[in-house]
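Residue 13 is where the sequence shown starts when you use our numbering, and the numbers rise one by one after that.
Calculated from the structure, these hints are not laboratory results.
It is possible that part of the hints are untrue.
Between beta-carbon pairs, the in silico distance windows are [what the hints assert, rightly or not]:
| # | residue 1 | residue 2 | range |
| --- | --- | --- | --- |
| 1 | 24 | 51 | 14 to 24 Å |
| 2 | 17 | 42 | 21 to 31 Å |
| 3 | 24 | 47 | 14 to 24 Å |
Here the structure is a predicted model, which means the values were calculated and not measured.
The beta-carbon is built from N, C-alpha and C at its ideal position, and this holds for glycine as well.
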Amino acid sequence: MASTGRARVRAPELVGRGGWLNTGDTAPTLAELRGRFVLLDF
13 MASTGRARVR APELVGRGGW LNTGDTAPTL AELRGRFVLL DF
């Protein structure tokens with residue numbers, strides 16, 4: 013695979029307002045979500 017010359021940029025952590033659904037009101041970290049399907053509803 014050829015390098016594109018671009019630096020990898022890490023995604024920011026998810027910050028929610030008003031709590032999280034189906035998580036027991038604890039915000040998941042990106043490390044906890046890695047490899048899982050995630051549905052974001054904006």
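Okay, the hints, checked on the actual structure:
1. For residue 24 and residue 51, the Cβ-Cβ distance of about 18 Å falls inside the hinted range of 14 to 24 Å, so the restraint holds.
2. Range check, residue 17 to residue 42: Cβ separation about 25 Å, and the 21 to 31 Å hint holds.
3. Our hint of 14 to 24 Å for residue 24 and residue 47 holds, since their Cβ atoms are close to 19 Å apart.
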